[in-house]
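First to last, the sequence lines map onto chains D and C. Each residue of the first sequence is one higher than the last, beginning at 1399 in my numbering. Each residue of the second sequence is one higher than the last, beginning at 230 in my numbering.
Any given hint might turn out to be false.
[Unchecked claim] BS3-like mimics (lysine-lysine), calculated; alpha carbons at most 30 Å apart, straight line:
| # | chain 1 | residue 1 | chain 2 | residue 2 |
| --- | --- | --- | --- | --- |
| 1 | C | 508 | C | 496 |
| 2 | D | 1455 | C | 324 |
| 3 | D | 1476 | D | 1491 |
| 4 | C | 465 | C | 508 |
| 5 | D | 1519 | D | 1536 |
| 6 | C | 442 | C | 497 |
| 7 | D | 1455 | C | 316 |
| 8 | C | 508 | C | 497 |
| 9 | D | 1455 | D | 1525 |
| 10 | D | 1646 | D | 1630 |
| 11 | C | 497 | D | 1525 |
| 12 | D | 1455 | D | 1630 |
| 13 | C | 497 | D | 1519 |
| 14 | C | 316 | C | 508 |
| 15 | C | 496 | D | 1525 |
[To be verified] Cβ-to-Cβ under 8 Å is the rule here; a few derived chain D residues that face chain C:
| # | residue |
| --- | --- |
| 16 | 1413 |
| 17 | 1453 |
| 18 | 1486 |
| 19 | 1496 |
| 20 | 1498 |
| 21 | 1503 |
| 22 | 1563 |
| 23 | 1597 |
| 24 | 1600 |
[To be verified] Okay, the calculated bits of chain C under chain D, using three or more residues with CB under 8 Å as the criterion:
| # | stretch |
| --- | --- |
| 25 | 397 to 405 |
| 26 | 408 to 415 |
| 27 | 477 to 484 |
None of these hints come from the bench; they were simulated from the model. Heads up, the beta-carbon is just placed ideally off N, CA and C, and yes, glycines get one too.
Each chain, written out:
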Amino acid sequence: MGDKPLLEARDVSKSFGHLKVLRGLNLTVREGETVCIIGPSGGGKSTFLRCVNFLEKIDSGALLFRDQLVGYSERGNKLREWNEQEAAAYRVKVGMVFQHFNLYPHMTARENVAIGPRVVKGEPQNKALDRAHALLEKVGLADKADSYPIQLSGGQQQRVAIARALAMEPEIMLFDEATSALDPELVGEVLQVMQDLATEGMTMLVVTHEIGFAREVGDTLIFMDEGVVAEKGEPREMIACPQFDRTKAFLSSVL
Amino acid sequence: MTLSADRSRLKYVRTRRWGSWIAAAVVILIGACLLWAVATNPNIKWSQMDGYIFDSAILRGLVVTLELTVLSMAIGMALGIVLALMKLSPNNVLKTTSGIYIWVFRGTPVLVQLIFWYNIALIFPRIGIGAFSADTNTIITTFAAAILALGLNEGAYMAEIVRAGILSVSRGQMDAALATGLTRRQAMRYIIIPQSLRVIVPPTGNQAIGMLKTTSLASVIAAQDLLTVTENIYAKTFFVVELLVVASLWYLVGTSIASIGQYFIEKKFGAGSSSSDVKLADFVREHVFSSSRAQSALEHLKRESEIRG
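Take the sequences, apply the hints, and build the full model.
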């Protein structure tokens, strides 16, 4: 794990109407680090991930990716919001996996993985499909390459979704409760793929309810509540003896 | 009462549905009477039909009807896509304009619109821009008036179909596409539109089949379609019913062939969904014999939501 911060949130705030979802959030993700975020629902975890890849726009504060401001570029002495192309070019570097997979139902598993490289990077069809096949092999689904999402189990769909994100060769992977929509017996196969990724040195920001995963795989654990980082620490220590009452109460309710 | 000692010899007898048997018998009887009354009717000259079914005037009328159908649907679909995108746009001017268009064109009878376009020269005797203008009546022929009326009217209906199709694709699809680095335009083209076609295509097919029949309204402005020529012939020969039967046969051939075409088109767009397993015979039966266009569109949407849910 390097010391260089890959992603930095400084005093990030975000509201939906009158509802303040993020209230001055600060956190850093270093290169190669796996940061897990836990906390009660409505605490702003998903919103924060969506802000990180600019699906949502923050109201104040700053998000920095490799020391560059996310969402705005400096022109003259003004900060201008990114246009479509700039936003898309940034999102290539930030892979995202969603709670409900969001696979494209009209495409096979292989096409789901290949469409990004083909459209965004202009990869030739054959090369994109070959690479897609290799990625599906990596997540253990080579035999399902020609299946449509409707023919796959939830766990298989989520692994295809991970392969789809990896196809863009991102520098960081965001996981938004990737196992929350799965039947209990299917959670393990997805967590295994995520663990393998972490071991390979992928930088990951993982919103999860899997305390076991956070303890075993995470380098840093963050407890997020009411739009701020309420507690942060080394996962084992923090799970064993949380410092704040809110963290204690939350952990005892999920363990 | 005692039960028979060896019950294994007894047979199960199902309850007989006497009610529906009687009803079926009554239906057959009435049907046979009607057929008899028509077939043996001295006032219908069945022998006259042979001569007219492939009559060159009738066939020319059929071609005009098909042209009207295809061109009106083309205008309707193009307009429908534009109106749907306008209505989905965040811009209030575009949204309201589209809303008013749909309100007016769906809220007035297509027959009224048809007569209006036919008489457009009454308010705009000449049309054109600056020096380039022409007599309205030479540009807006009966054929052009029919296409305008049917196409502009269809646009309003297609707009709602296209809009429903785009809205049927879940928000997560756009999120996922953007997150992999596609621009909004690319996401629409590769992810959203192909999926919305699955919802858009079936009711569009129904609209096209409906249009084939609706073109007959153009006979009120004598657009030389199938019904116009039919009327022209029976005005001279007085074989009214015989010629209406001839026209009806051609309409039936058209709608039946269109239904079969619709089946294959829907199959093509159904990849990855379970609705692509419907048998041709069931499909045609449902579409040729089902009554209203709106009804079957609703049914389809219901089926689609069941598959999703």
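Verification of the supplied hints:
1. Using a Cα cut-off of 30 Å, the hinted pair residue 508(C) and residue 496(C) holds, with the two alpha carbons roughly 10 Å apart.
2. For the proposed pair residue 1455(D) and residue 324(C), the alpha carbon gap of about 25 Å is at most 30 Å, so the pair holds.
3. The straight-line distance between the Cα atoms of residue 1476(D) and residue 1491(D) is roughly 25 Å, inside the 30 Å bound, and the hint therefore holds.
4. As the CA atoms of residue 465(C) and residue 508(C) are separated by approximately 46 Å, the hinted pair breaks the 30 Å bound.
5. Straight-line distance between C-alpha atoms of residue 1519(D) and residue 1536(D) comes to about 21 Å, which keeps the hinted pair within the 30 Å bound.
6. The straight-line distance between the Cα atoms of residue 442(C) and residue 497(C) is roughly 26 Å, inside the 30 Å bound, and the hint therefore holds.
7. Among the hinted pairs, residue 1455(D) with residue 316(C) is consistent with the structure: their alpha-carbon atoms are about 25 Å apart, no more than 30 Å.
8. For the proposed pair residue 508(C) and residue 497(C), the alpha carbon gap of about 14 Å is at most 30 Å, so the pair holds.
9. Between residue 1455(D) and residue 1525(D) the alpha-carbon distance is near 35 Å, which puts this suggested pair outside the 30 Å criterion.
10. A distance of roughly 13 Å separates the Cα atoms of residue 1646(D) and residue 1630(D); the hinted pair therefore holds under the 30 Å criterion.
11. Of the supplied pair hints, the one linking residue 497(C) and residue 1525(D) holds, its CA atoms being roughly 26 Å apart against a limit of 30 Å.
12. Between the alpha carbons of residue 1455(D) and residue 1630(D) the distance comes to roughly 25 Å, so the proposed pair stays at or under 30 Å and holds.
13. Using a Cα cut-off of 30 Å, the hinted pair residue 497(C) and residue 1519(D) holds, with the two alpha carbons roughly 28 Å apart.
14. In summary, the hint linking residue 316(C) to residue 508(C) is not supported, as the alpha carbons are separated by about 36 Å, beyond the 30 Å threshold.
15. This hinted pair checks out: residue 496(C) and residue 1525(D) have alpha carbons roughly 29 Å apart, not beyond 30 Å.
16. The closest approach between the C-beta of residue 1413(D) and any C-beta of chain C is roughly 19 Å, which is over the 8 Å cut-off, so the hint fails.
17. Look at residue 1453(D): its Cβ gets to within about 6 Å of chain C, closer than 8 Å, so that hint holds up.
18. For residue 1486(D), the shortest C-beta to C-beta distance to chain C is roughly 5 Å, which falls under 8 Å, so the interface hint holds.
19. Using the Cβ-Cβ criterion of 8 Å, the hint placing residue 1496(D) at the interface with chain C is satisfied: the shortest such distance is roughly 6 Å.
20. Taken as an interface hint, residue 1498(D) checks out: its beta carbon lies about 6 Å from the nearest beta carbon of chain C, inside 8 Å.
21. Hint on residue 1503(D) holds. Least Cβ distance to chain C is approximately 5 Å, under the 8 Å limit.
22. Interface hint at residue 1563(D): satisfied, since its Cβ lies 7 Å from the closest Cβ of chain C, which is below the 8 Å cut-off.
23. A least Cβ separation of about 24 Å between residue 1597(D) and chain C goes past the 8 Å threshold, and the interface hint is therefore violated.
24. The restraint placing residue 1600(D) at the interface with chain C is violated, with a minimum CB-CB distance near 16 Å, outside the 8 Å limit.
25. Under the rule that three or more residues need a Cβ within less than 8 Å of chain D, the assignment of the stretch 397 to 405 of chain C holds, with 5 such residues.
26. Remark: the stretch 408 to 415 of chain C is confirmed as covered by chain D, as 8 of its residues place a Cβ nearer than 8 Å to a Cβ of that chain, reaching the required three.
27. With 0 residues having a beta carbon nearer than 8 Å to a beta carbon of chain D, the stretch 477 to 484 of chain C misses the requirement of three or more and the stated coverage is violated.
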